[in-house]
Amino acid sequence: MPHDHHDHDHFHHDGMSPSGHPYRADNDEPLSYWQCMEIAVRELLIEKGHVTPAEIAAQIEAMDARSPANGAAVVARAWTDPAFKARLLADASAASAEMGFDIGGLRLIAVENTGDVHNVIVCTLCSCYPRNLLGLPPDWYKTRAYRARTVKEPRKVLAEFGLELPETTQVRVHDSTADMRYIVLPARPAGTEGMDETALAALVTRDSMIGTGLPKTP
Amino acid sequence: MASPADKVRVKTMMPPGHVRAPAYLRGKIGVIERPLGEFGNPELLAYGHTDGPKKPLYRVRFTMAEIWGDAAETPTDTIDAEIYGHWLEPAP
Numbered sequence: 001m002p003h004d005h006h007d008h009d010h011f012h013h014d015g016m017s018p019s020g021h022p023y024r025a026d027n028d029e030p031l032s033y034w035q036c037m038e039i040a041v042r043e044l045l046i047e048k049g050h051v052t053p054a055e056i057a058a059q060i061e062a063m064d065a066r067s068p069a070n071g072a073a074v075v076a077r078a079w080t081d082p083a084f085k086a087r088l089l090a091d092a093s094a095a096s097a098e099m100g101f102d103i104g105g106l107r108l109i110a111v112e113n114t115g116d117v118h119n120v121i122v123c124t125l126c127s128c129y130p131r132n133l134l135g136l137p138p139d140w141y142k143t144r145a146y147r148a149r150t151v152k153e154p155r156k157v158l159a160e161f162g163l164e165l166p167e168t169t170q171v172r173v174h175d176s177t178a179d180m181r182y183i184v185l186p187a188r189p190a191g192t193e194g195m196d197e198t199a200l201a202a203l204v205t206r207d208s209m210i211g212t213g214l215p216k217t218p
Numbered sequence: 219m220a221s222p223a224d225k226v227r228v229k230t231m232m233p234p235g236h237v238r239a240p241a242y243l244r245g246k247i248g249v250i251e252r253p254l255g256e257f258g259n260p261e262l263l264a265y266g267h268t269d270g271p272k273k274p275l276y277r278v279r280f281t282m283a284e285i286w287g288d289a290a291e292t293p294t295d296t297i298d299a300e301i302y303g304h305w306l307e308p309a310p
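Heads up: the protein sequence lines correspond to chains A and B, in order. Going by the working numbering, the first sequence opens with residue 1, and the numbers climb by one from there. Going by the working numbering, the second sequence opens with residue 219, and the numbers climb by one from there.
Isolated chain B (complex conformation) (with noise of 0.2 Å):
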């Protein structure tokens, strides 16, 4: 389980079918804001599978910069997103 202020990085992986992690979230490092507790797992429940195992969900913060780069509006504004604990690696 990840802790709060924890470095995480948004796993780059793009599988097939129903999943919650935004793309364009997708390799960018924020920090854990608040985990939530487990919850089920929407890869499975979009197919009806209501007994798979539960996944630690997290708040993440991510900022302008980290997201949009050069682009980014005003870099230190924040995005906060629900990621699940399977999409996170730690980041350095």
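In isolation and in its complexed conformation, chain A is listed as follows (with noise of 0.2 Å):
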């Protein structure tokens, strides 16, 4: 029985459930102007007839459904493929395209790890992330600790993200401050020169694709 805690002590905390979860509390609060405005928007865009409530469900669940699959699966066939690596250099919103990920109007740079060089990507002004590859970017890399941290002593960051660098390897800091977005392309760990691309997917970690992290090792 899922709920069957006679076995060990309860501990009833204020704002928890019985079983020990937190309640959320309801959104009983009055709108704020922007929800408002977002409403009456919607609802004279399918008033006029230029949208319909399905298809705005519809792009919801897209935009929702982006996730660092998508980027994973650019990065190992840049691992598997050097031609596709040169076009994703090269230029890596056409790159992701390719596979169906596009970037709309915004532009993609790929910027590559290598023996000598490590590359974390920021925004110091507000959150710019590559959400066609990566979904919605982690709460901490809102934070003002991450942004303003990680331009001042980012390897610090990177330690407390269990990155330790050598001081031999460059840090290459990336500030998203206008219309470029970023993504990290890692080097691919050693020991995985036999794994097919689906196999090496499953090793890159969103992290490792913002700089805070490498991939996972077979």
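Just so you know, the hints here were simulated from the structure itself, not pulled from any lab data. Here a beta-carbon is modelled for each residue, glycine too, at the ideal position from N, C-alpha and C. Do not rely on the hints blindly, as some may be mistaken.
Stated by the list, open to error - Capping the alpha-carbon separation at 27 Å, the derived lysine-lysine pairs in DSSO-like fashion look like this:
#1 B:K246 with A:K156
#2 B:K272 with A:K152
#3 B:K246 with A:K142
Claimed, not checked - If you want the ones that stay clear, here's a sample from chain A, every Cβ over 12 Å from chain B, calculated:
#4 D26
#5 E29
#6 E47
#7 A58
#8 R77
#9 A83
#10 T124
#11 A145
#12 L163
#13 E167
#14 S176
#15 A178
#16 A187
#17 E193
#18 E197
#19 R206
Each of the two chains sits in its own frame; use the hints to bring them together as a complex.
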């Protein structure tokens, strides 16, 4: 029985359900100015026949479906196909569009990690992020601490992510200040020589494409 | 138009309103990493002016030593940022 807790003590904290899960407050507060604006514009677009509710729902679903698996597929392709890797480094927007991951009006730049260079992405001004390849940014990416510290003490920040880099590796921080978005092309891990694209993609973590981590090893 | 490896300084101006040249880079000298082409000017776009002239945009590479001086964590590490041409001036 999933809620059969009779064999240990119950700790009921304020705001917790009997099974120990926090309650989420109901959204009973009044709508904000921009929430009213969004509803008004959406309803007008529907009323005037520009879009249907089903199209809006489908678009929200498509946006939510973007995940780091997209970026991992691109990285694994670059690891296995030298011509694709060359196209990715020359024009990452076009190369990722080839695989069906269109970035729309923005431009994507892929930066390659090598034996001597480690790249890490930040947006000090806001939270610019390659959503077409990585989905929504993690909360920490949007914090003032990550944004301010990554340009000042990137090695200390990376060490807190568990990534200690030798002094012989140059750290290149990329601040997404305008129309570009960035993805790190991590180095292919050793010991993966016989692996196919699908198996390689499973090694590519979200953080390895932001630069705050490395791919998993098999 | 600036070319790769040209030395440039980010202007020290502090205009009011929406700008996308980070304050921590103003007055700092870097080199053009690559030109990116022309893009809408965010200083106009932010206020709904979508028909203003486009501005050239560059990726500029700075060393940590240039930005943070003696406080740099590792002086030879670098920061690349996108800076619009009207924020750059030639540096000696």
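Open item on the list: If I take the minimum Cβ distance from A:E193 to any residue of chain B, is it greater than 12 Å?
Closed with: holds (31 Å)
Task: B:K246 paired with A:K142 [C-alpha distance capped at 27 Å] - done: Within the cut-off at roughly 25 Å; holds.
- [ ] Evaluate the condition: distance from the CB of A:A187 to the nearest CB of chain B exceeds 12 Å.
- [x] Check passes; 18 Å lies beyond 12 Å.
Open item on the list: So A:E167 supposedly isn't at the interface. Is its beta-carbon more than 12 Å from every beta-carbon in chain B?
Closed with: violated (7 Å)
Task: Cβ separation check - A:E47 to all of chain B, threshold 12 Å - done: Since the minimum Cβ distance to chain B is about 24 Å, A:E47 lies beyond 12 Å and the statement holds.
- [ ] Taking the shortest Cβ-to-Cβ distance between A:L163 and chain B, state whether it exceeds 12 Å.
- [x] holds (14 Å)
- [ ] Compute the least Cβ-Cβ separation between A:D26 and chain B, then decide whether it is above 12 Å.
- [x] holds (36 Å)
Task: Distal placement of A:A145 relative to chain B, Cβ over 12 Å - done: holds (15 Å)
Task: Restraint status (C-alpha distance of B:K246 to A:K156 at most 27 Å) - done: Given pair B:K246, A:K156 holds - Cα atoms ~23 Å apart, limit 27 Å.
Task: Exclusion check [A:R206 not at the chain B interface, CB over 12 Å] - done: Consistent with the label, A:R206 stays out of reach of chain B, its closest Cβ about 21 Å off (over 12 Å).
Task: Cβ separation check - A:T124 to all of chain B, threshold 12 Å - done: violated (5 Å)
Task: Given pair status - A:K152, B:K272, alpha carbons within 27 Å - done: violated (31 Å)
Violated hints, in rising order: 2, 10, 13, 14, 15; the structure is consistent with all others.
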